[in-house]
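Undergrad: For reference, the chains in residue letters:
There are 2 protein chains.
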Amino acid sequence: MTRPSAFITGITGFAGSYLADELLAAGFDVRGSVYYDEPTDNIAAIKSRLRLYALDILDPSQCRRLLSRLQPNYIFHLAAIASVGESFRNERSTFAINFDGTVNLLEAATRLKKLRKFLFVGSSDSYGVHRGRNKTLTEDQPFNPVSPYGISKAAAEFACRYYYRRHGLPVVVARAFNHSGPRQNTQFVIPAFAEQIARIESGLQKPEIRVGDLTARRDISDVRDIVRGYRLAAVKGRPDEVYQLCSGRAVTIRAILDALLAQTPFKIKVRVDRNKLRRSEIPVLRGSHRKAAQRLGYRVRYRLKDTLRDTLEYWRSRYRSMK
Amino acid sequence: MTRPSAFITGITGFAGSYLADELLAAGFDVRGSVYYDEPTDNIAAIKSRLRLYALDILDPSQCRRLLSRLQPNYIFHLAAIASVGESFRNERSTFAINFDGTVNLLEAATRLKKLRKFLFVGSSDSYGVHRGRNKTLTEDQPFNPVSPYGISKAAAEFACRYYYRRHGLPVVVARAFNHSGPRQNTQFVIPAFAEQIARIESGLQKPEIRVGDLTARRDISDVRDIVRGYRLAAVKGRPDEVYQLCSGRAVTIRAILDALLAQTPFKIKVRVDRNKLRRSEIPVLRGSHRKAAQRLGYRVRYRLKDTLRDTLEYWRSRYRSMK
Numbered sequence: 000m001t002r003p004s005a006f007i008t009g010i011t012g013f014a015g016s017y018l019a020d021e022l023l024a025a026g027f028d029v030r031g032s033v034y035y036d037e038p039t040d041n042i043a044a045i046k047s048r049l050r051l052y053a054l055d056i057l058d059p060s061q062c063r064r065l066l067s068r069l070q071p072n073y074i075f076h077l078a079a080i081a082s083v084g085e086s087f088r089n090e091r092s093t094f095a096i097n098f099d100g101t102v103n104l105l106e107a108a109t110r111l112k113k114l115r116k117f118l119f120v121g122s123s124d125s126y127g128v129h130r131g132r133n134k135t136l137t138e139d140q141p142f143n144p145v146s147p148y149g150i151s152k153a154a155a156e157f158a159c160r161y162y163y164r165r166h167g168l169p170v171v172v173a174r175a176f177n178h179s180g181p182r183q184n185t186q187f188v189i190p191a192f193a194e195q196i197a198r199i200e201s202g203l204q205k206p207e208i209r210v211g212d213l214t215a216r217r218d219i220s221d222v223r224d225i226v227r228g229y230r231l232a233a234v235k236g237r238p239d240e241v242y243q244l245c246s247g248r249a250v251t252i253r254a255i256l257d258a259l260l261a262q263t264p265f266k267i268k269v270r271v272d273r274n275k276l277r278r279s280e281i282p283v284l285r286g287s288h289r290k291a292a293q294r295l296g297y298r299v300r301y302r303l304k305d306t307l308r309d310t311l312e313y314w315r316s317r318y319r320s321m322k
Numbered sequence: 000m001t002r003p004s005a006f007i008t009g010i011t012g013f014a015g016s017y018l019a020d021e022l023l024a025a026g027f028d029v030r031g032s033v034y035y036d037e038p039t040d041n042i043a044a045i046k047s048r049l050r051l052y053a054l055d056i057l058d059p060s061q062c063r064r065l066l067s068r069l070q071p072n073y074i075f076h077l078a079a080i081a082s083v084g085e086s087f088r089n090e091r092s093t094f095a096i097n098f099d100g101t102v103n104l105l106e107a108a109t110r111l112k113k114l115r116k117f118l119f120v121g122s123s124d125s126y127g128v129h130r131g132r133n134k135t136l137t138e139d140q141p142f143n144p145v146s147p148y149g150i151s152k153a154a155a156e157f158a159c160r161y162y163y164r165r166h167g168l169p170v171v172v173a174r175a176f177n178h179s180g181p182r183q184n185t186q187f188v189i190p191a192f193a194e195q196i197a198r199i200e201s202g203l204q205k206p207e208i209r210v211g212d213l214t215a216r217r218d219i220s221d222v223r224d225i226v227r228g229y230r231l232a233a234v235k236g237r238p239d240e241v242y243q244l245c246s247g248r249a250v251t252i253r254a255i256l257d258a259l260l261a262q263t264p265f266k267i268k269v270r271v272d273r274n275k276l277r278r279s280e281i282p283v284l285r286g287s288h289r290k291a292a293q294r295l296g297y298r299v300r301y302r303l304k305d306t307l308r309d310t311l312e313y314w315r316s317r318y319r320s321m322k
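Respectively, the protein sequence lines represent chains X and S.
Letter by letter, the first sequence follows residues 0 to 322 in numbering that gives the first Met the number 0.
Letter by letter, the second sequence follows residues 0 to 322 in numbering that gives the first Met the number 0.
Here chain X stands alone, though its shape is the one from the complex (with noise of 0.2 Å):
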């Protein structure tokens, strides 16, 4: 029995690099794509065990000719413009790469013959602003995107129900929330804290933190529960199914910067950077997960305690390297 190929778009980014480690150890042959000359430093540690090849996601043929070359039972579409912060600053490119590249992959698997599964991960941020603060966001919940990120997603989700509905692609949405971990770059919060603890404690920022608005409420998970997620809404979820990924709780980001300043014997002052204080227009994003433990058997293993200390050693380590 060969095992089943999966193909990674997006690979060499956070999320897809912890893929490529869950989906090597479940004894998947794991291929994946990167675009250009982009750094591959995520997925250093297993690159032997993979195979890559070029890919630009906006060029439909390219698309077409890699897949039907590969002829994959999986793909996991990871690539994407992944910061709701980077995505206010390039508009045009979130939408190209996030909707029109998802739709150039679609397009593109609908010609595979030993296709099992088409993941592609949708968003939490595609909610946008909703009634009631702190409703728990069920997969039923209609999109009311406020960011570029989740407009993009959100139409990517209806481009992949459109390809289920009319040309039978079996496509399986994974919809995210919040997640973070080690490798994660500091686009995110909470690996722009810990890396900022980091320089701190190495010397090479003075011991004061500068955050933003520290009162939005967000469900965050580890991103290695997350990935576990992906494989299983892949192997085993119902094409045109979506199941949300979560924690099932949501914490203020000052919670989360107090718990990291925890870690830390170094007393810290925290400042805000009028640059950063945008407040978000959503307040609150908390998420169930009872459709994915149901269906899928998806259980969070992580704290997010545990998330934090990763990622803070992460930070801490590379600064130590560089020393």
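Accuracy of the hints is not assured; some may be wrong.
[Claimed, not checked] Short, incomplete list of chain X residues facing chain S, as computed with Cβ under 7 Å: (1) P141; (2) P144; (3) I150; (4) A154; (5) F157.
[Claimed, not checked] No farther apart than 25 Å at their CA atoms in a straight line, the calculated lysine to any residue pairs in the SDA-like style are these: (6) K134/X to R164/S; (7) K112/X to F87/S; (8) K275/S to H166/X; (9) K112/S to R88/X; (10) K235/X to E106/X.
Calculated from the structure, these hints are not laboratory results.
Treat the numbers as computed from the prediction; the structure is a model and nothing was measured.
Backbone N, C-alpha and C define an ideal beta-carbon position, used for all residues, glycine too.
We have chain X; now place chain S onto it with these hints.
TA: Same frame as chain X, but now just chain S:
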């Protein structure tokens, strides 16, 4: 006092040509864009009173240059792939023209100094599949689109709201239900029936009309009501608001066919065309125009009977003039 200036994208199209009539009659200085060498038959009678400019809305810099040169007070963005059926055949162009094209115009419009309102035309097709077959849809109905057309219009509406929230662009959305009338092309059901009747009456087709699924129920307005709604929404509508334009009643395609057949003395056989039979995934679309009535003073002036009669007369005169 100078006349307010309006810029219409898609002015050569069906609704665009009626909107040009409407705005000229209301005292606007009317300009419009033409895509390369597309036909201008629809505006032949008023061409001397308009100023036309070449524009490919897929080119962001063309959009910026033309709009900053014209500095319109009102933009009416109607250019789109407007047929649900065509969108199934040209998925990618539909996404590009209806979504990317809209983003290009929104972005270009943020730079304007005299702009009072940007009117975007949304669609009831973005509601897609919804619970409660006979539900009267209101502006707060969530989107659940199942056609590339509905997806592209839903995504473009999200972008419209984003450009208001983020960039302060005064965007108003007129969410139109089905509309018809003379000059509409035969990709749409009423002109498709009317043309066949006119051909039969002219002896160009045997007395047999080919039809697809007749069971869908749609809320159909006269285009002349709808474009008045566009003008009212642009002039009186509030930024970031959506106004549904519709008749408030839904009729089956079968009833439309019967009403048209009642207007010809010819005995015509109805034959189901298997190629056209694909049943719509959306059995009923019926809207409420209450908000438009209350806030904009929108009134339905044309009865469906008038629309059908005028459309049939249009096709009769076209076939008469061809003889």
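Undergrad: A separate judgement is required for each hint: does it hold in the structure or not?
TA: Okay, the hints, checked on the actual structure:
no.: 1; hint: P141; verdict: 3 Å, holds
no.: 2; hint: P144; verdict: 6 Å, holds
no.: 3; hint: I150; verdict: 4 Å, holds
no.: 4; hint: A154; verdict: 4 Å, holds
no.: 5; hint: F157; verdict: 4 Å, holds
no.: 6; hint: K134/X to R164/S; verdict: 23 Å, holds
no.: 7; hint: K112/X to F87/S; verdict: 23 Å, holds
no.: 8; hint: K275/S to H166/X; verdict: 18 Å, holds
no.: 9; hint: K112/S to R88/X; verdict: 22 Å, holds
no.: 10; hint: K235/X to E106/X; verdict: 23 Å, holds
This entry satisfies every hint, going by the numbered hints stated previously.
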